[in-house]
Amino acid sequence: MNLNDIKQLKDIFVTFFKIGLFTFGGGYAMIPLIEKEIVEKKKWVEREEITDILAISQSIPGAIAINSATFIGFKTSGSKGALAATLGVILPSFFIISIIAAFFSKFGNNHILKSIFSGIRPAVVALIFFAVYKVGKTSIKDKTGLIVSIIGLVLIIAFNIHVILVIIGGAVFGLVVYKFWPGKVNEILGKEDKNNDIS
Amino acid sequence: MIYLNLLFSFIKIGLFSFGGGYAMIPLIQKEIEMHGWISSSEFVDIIAIAEMTPGPIAVNSATFVGYKTAGLFGSMVATIGVALPSLILILAVSGFFFKIQKKPINIMIFYGLRPIITSLIAAAGVFVAETAIFKKDVSIEAFNYLFNKPANFFDLGSIFILFASLVALVKYKIHPILTIAGAGVAGIVIYSFIPLV
Numbered sequence: 000m001n002l003n004d005i006k007q008l009k010d011i012f013v014t015f016f017k018i019g020l021f022t023f024g025g026g027y028a029m030i031p032l033i034e035k036e037i038v039e040k041k042k043w044v045e046r047e048e049i050t051d052i053l054a055i056s057q058s059i060p061g062a063i064a065i066n067s068a069t070f071i072g073f074k075t076s077g078s079k080g081a082l083a084a085t086l087g088v089i090l091p092s093f094f095i096i097s098i099i100a101a102f103f104s105k106f107g108n109n110h111i112l113k114s115i116f117s118g119i120r121p122a123v124v125a126l127i128f129f130a131v132y133k134v135g136k137t138s139i140k141d142k143t144g145l146i147v148s149i150i151g152l153v154l155i156i157a158f159n160i161h162v163i164l165v166i167i168g169g170a171v172f173g174l175v176v177y178k179f180w181p182g183k184v185n186e187i188l189g190k191e192d193k194n195n196d197i198s
Numbered sequence: 000m001i002y003l004n005l006l007f008s009f010i011k012i013g014l015f016s017f018g019g020g021y022a023m024i025p026l027i028q029k030e031i032e033m034h035g036w037i038s039s040s041e042f043v044d045i046i047a048i049a050e051m052t053p054g055p056i057a058v059n060s061a062t063f064v065g066y067k068t069a070g071l072f073g074s075m076v077a078t079i080g081v082a083l084p085s086l087i088l089i090l091a092v093s094g095f096f097f098k099i100q101k102k103p104i105n106i107m108i109f110y111g112l113r114p115i116i117t118s119l120i121a122a123a124g125v126f127v128a129e130t131a132i133f134k135k136d137v138s139i140e141a142f143n144y145l146f147n148k149p150a151n152f153f154d155l156g157s158i159f160i161l162f163a164s165l166v167a168l169v170k171y172k173i174h175p176i177l178t179i180a181g182a183g184v185a186g187i188v189i190y191s192f193i194p195l196v
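If you read the sequences in order, they're chains P and U.
In terms of numbering that gives the first Met the number 0, the first sequence opens at residue 0 and continues consecutively.
In terms of numbering that gives the first Met the number 0, the second sequence opens at residue 0 and continues consecutively.
Just chain U, with the same shape it has in the complex:
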């Protein structure tokens, strides 16, 4: 019974969350509270770990909640649940998509749509940058602060890693996996051995 509940809850979460993993978090929280599966402080830990570990945040949190609720089989059921709507919807949509793509009207729809996808990615970059680079939330008050003590506002180590990664990716065409690994090593050096604050 608990397995069926997990399966249906996560199918529901997969089916009704638009805009990727972060948008799923409130939905997952609602389902968990409704069923009383885990405590809310445990849920905060789960989200932190889901962000820190590789893989889609949606899958990570589904696996974690499933495991905490009903063990290994629970994590399996929750993971399948969260991925199943995507699999079915994509199978339904993509066959259709490849057929209609070449009509003039569709070419024009994609002419308007494609630049928007670029803005979505840029927006995601700005949101991640806010937590990665700035020590505080960006606000007008913070701008006054900025001119007095920039080191209190920006995390200098992060800015260094950001620019070093950009140079590695764009100029030297370093593989993204190597770039991530290098940034992890830089993180250990900067945050564990050099106290910047």
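With the rest of the complex left out, here is chain P:
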């Protein structure tokens, strides 16, 4: 392993440490941070790829935050990168929780901390809706996509359908289009080629 590799691994570790330290309220609130740090600053992945990474992270078991960190780490520097990213996203939690568990078991009763958390919660909602806007812009290409997205949302919220089934439904819809709607396939593949030409 040469010096550049080590520098890159350290970079991955530090970036995900930062993300782990400031992620409140689960994996999705992490998306705007990933956009800022990993897409804009470091340019490790393309904005479009974030959606695919989330798709994989949701479809396999485990925490979304760990899954997506591991995936991005792997994409950036192979298995060593995956390990660096996983450690980075986990360690802040590990330190903070170990300290709380050891010294402040009644942590949850502190009035000021409760106020801080009450303030952070709505900001987490804002972060998640910001992620919807950002991810939606790259993942919904046409009216059909918008309709699929709305149906998915209704199935999850109103009918309590398990997310895995909804994800499979989306993939099956894609397959059905591939088999029975050649016009659409040409349109989508044409767009994909154009994207490749530009990049």
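Think of the hints as simulated: they come from the structure by calculation, not from any bench.
Any given hint could turn out to be false.
Over 12 Å on every C-beta distance to chain U, these chain P residues come out as not near it, computed from the model [as the list claims (entries may be wrong)]:
| id | residue |
| --- | --- |
| 1 | N1 |
| 2 | L2 |
| 3 | N3 |
| 4 | D4 |
| 5 | I5 |
| 6 | D10 |
| 7 | F12 |
| 8 | K42 |
| 9 | S67 |
| 10 | K74 |
| 11 | K113 |
| 12 | K140 |
Only part of the chain P face toward chain U is listed, based on derived beta-carbon distances under 10 Å [stated by the list, open to error]:
| id | residue |
| --- | --- |
| 13 | V13 |
| 14 | A68 |
| 15 | I96 |
| 16 | I127 |
| 17 | G182 |
Heads up, the beta-carbon is just placed ideally off N, CA and C, and yes, glycines get one too.
On the provided structure of chain P, position chain U as indicated by the hints.
Below, chain U alone, put in the same frame as chain P:
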């Protein structure tokens, strides 16, 4: 022995929970009850703290349960256990993923899949909003209530912070970390100094 039990329990939890941290909570509870590691009231505290502290909820609760059960080494083992399945599965899947991505059939699968990911994130936003913004569960009964006394139904402070955060993120492109920090400060001001109720 206790360490091995912790390790295997949390590997199992990491391996069988789909849909992120919140989906893990019932699984963790089942394992804890089976082994009699901690009391159920202690578990409720742990979940509250896991939600309040930064980091993935899955990792937070694993670390906490591990510590309460078997000290620092216990928390280490539990955390490794909950992350290990993700690490191995992603390593197995991603190499494969980057190879197959460019085939037309896969492009079309992702054409159907990507909009669904947007709906998943939106659904998560709605679920978090329910606990963050509304004082009560959303129900038809509550809608009657809404027109009479909106202040009893919505938490006005939360709504203010939600919109201020959105403006900061979208319009002024404030860094998410700064937005979170600002919301924390706003929380202290609104909930500790101005009694809104």
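Comparing the hints with the structure gives:
1. The non-interface label for N1 (chain P) is consistent with chain U: the shortest C-beta to C-beta separation is roughly 22 Å, beyond 12 Å.
2. At roughly 25 Å, the least C-beta separation between L2 (chain P) and chain U is larger than 12 Å, which holds for a residue marked as non-interface.
3. Residue placement check: N3 (chain P) keeps its beta carbon more than 12 Å from all beta carbons of chain U (closest about 22 Å).
4. Remark: the non-interface label on D4 (chain P) is consistent with the geometry, its nearest Cβ contact in chain U lying 18 Å away (cut-off 12 Å).
5. Look at I5 (chain P): its CB is around 20 Å from the nearest CB on chain U, clear of 12 Å, so calling it non-interface holds up.
6. Against chain U, the non-interface label of D10 (chain P) holds: every CB pair exceeds 12 Å, the least being about 18 Å.
7. Its beta-carbon lying about 14 Å from the closest one in chain U, F12 (chain P) satisfies the requirement of being farther than 12 Å from that chain.
8. The beta carbon of K42 (chain P) sits about 17 Å from the closest Cβ of chain U, which is more than 12 Å, so the claim that it is off the interface holds.
9. Remark: the non-interface label on S67 (chain P) conflicts with the geometry, its nearest Cβ contact in chain U lying 9 Å away (cut-off 12 Å).
10. Separation of K74 (chain P) from chain U is inadequate, the least Cβ-Cβ distance of about 7 Å not exceeding the 12 Å criterion.
11. With a cut of 12 Å on Cβ distances, K113 (chain P) falls inside the contact zone with chain U, its closest approach being about 7 Å.
12. The non-interface label for K140 (chain P) is inconsistent with chain U: the shortest C-beta to C-beta separation is roughly 7 Å, within 12 Å.
13. Interface restraint check for V13 (chain P): the shortest CB-CB distance to chain U comes to about 14 Å, outside 10 Å, so the restraint is violated.
14. Hint status for A68 (chain P) relative to chain U: holds, with the closest Cβ pair at about 9 Å, below 10 Å.
15. Restraint check, I96 (chain P) versus chain U: the minimum CB separation of about 4 Å is within 10 Å; hint holds.
16. Annotation: interface hint on I127 (chain P) holds; nearest CB of chain U at approximately 4 Å, less than 10 Å.
17. A cut of 10 Å between beta carbons decides the hint on G182 (chain P): the least distance to chain U is about 13 Å, and the hint is violated.
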